[in-house]
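S.K.: Listed here are the chains, written in short residue letters.
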Amino acid sequence: KAGVTQTPRYLIKTRGQQVTLSCSPISGHRSVSWYQQTPGQGLQFLFEYFSETQRNKGNFPGRFSGRQFSNSRSEMNVSTLELGDSALYLCASSLASGVVYEQYFGPGTRLTVT
Amino acid sequence: AQSVTQLGSHVSVSEGALVLLRCNYSSSVPPYLFWYVQYPNQGLQLLLKYTSAATLVKGINGFEAEFKKSETSFHLTKPSAHMSDAAEYFCAVSYYNNNDMRFGAGTRLTVKP
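For the record, the sequence lines run as chains A and B. Numbered continuously in my numbering, the first sequence closes out at residue 116. Numbered continuously in my numbering, the second sequence closes out at residue 134.
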């Protein structure tokens, strides 16, 4: 069974631009969560989508948004990029929402904002 | 606020020695606790989780952790370290049975030959 795939793997953007990251979950998984990983703040939860609905949202500004499609694929968008948005963005999928379901992480998209 | 503290940002052990990575949580309600491992340039992989069943949890690759409510701890152990265990380890907590997990700062494990 194929794992979680994230595209692109690496991205360089300029401050003020916007960016869209994509995540394809494991086949049959309906929950997708996004996390930001930086050296300074560590791993932080962004949001979770389940059955095309946002279930939970972390403490991030409105510039960070996401969506989930009917095939469970998810996209994350960051508008008006700031230097501090440079990070590894990890996507994780699980069969359903709830920590009793194991989350499987993708390799991440490394975003660099210059 | 829910949080997790990992004691020691770097731990170094010799191959074959005991691995002990420390994690303490702050909580007034029963938590769900997790240990994840991250190898360079990869995502996280679940080692084990505690969801209010047995307090001693066995995970993959020979790791285990014990939930101690009185000490608010969930330390990760492995009797004998292998070179392949060198990685970064994260403790995480969730309180509401959702994927809004709060992660510790991580502990980088080095295994010396």
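Since the hints were made in silico from the structure, they are not lab data. Do not rely on the hints blindly, as some may be mistaken.
[As the list claims (entries may be wrong)] What follows is a list of derived Cβ distance ranges for each label pair:
1. B/Tyr60 - A/Gly64: 42 to 48 Å
2. B/Tyr60 - A/Ser24: 40 to 46 Å
3. A/Ser53 - B/Glu92: 23 to 29 Å
4. A/Gly86 - B/Pro61: 19 to 25 Å
5. B/Tyr60 - A/Ala98: 36 to 42 Å
[Unchecked claim] If you want the ones that stay clear, here's a sample from chain B, every Cβ over 10 Å from chain A, calculated:
6. Thr72
7. Phe84
8. Ser91
9. Asn120
10. Arg123
11. Val132
12. Pro134
For glycine and all other residues, C-beta sits at the position ideal for the given N, C-alpha and C.
S.K.: Could you run down the list of hints and mark each one as holding or not?
M.R.: Taking the hints in turn, this is what the structure says about them:
1. B/Tyr60 - A/Gly64: 42 to 48 Å: Given a distance of about 34 Å, which is not inside 42 to 48 Å, the answer is violated.
2. B/Tyr60 - A/Ser24: 40 to 46 Å: The hinted range 40 to 46 Å is violated for B/Tyr60 and A/Ser24, with Cβ atoms some 23 Å apart.
3. A/Ser53 - B/Glu92: 23 to 29 Å: 39 Å, violated
4. A/Gly86 - B/Pro61: 19 to 25 Å: 23 Å, holds
5. B/Tyr60 - A/Ala98: 36 to 42 Å: At roughly 27 Å between Cβ atoms, A/Ala98 and B/Tyr60 fall outside 36 to 42 Å, so the hint is violated.
6. Thr72: 6 Å, violated
7. Phe84: Holds, since 15 Å exceeds 10 Å.
8. Ser91: 23 Å, holds
9. Asn120: The claim breaks: B/Asn120 does not keep its Cβ more than 10 Å from every Cβ of chain A (closest is about 4 Å).
10. Arg123: 7 Å, violated
11. Val132: Label holds. Min Cβ-Cβ 23 Å, cutoff 10 Å.
12. Pro134: About 28 Å separates B/Pro134 from the closest Cβ of chain A, which puts it past 10 Å; holds.
The structure fails to meet hints 1, 2, 3, 5, 6, 9 and 10 from the earlier list, while all remaining hints are met.
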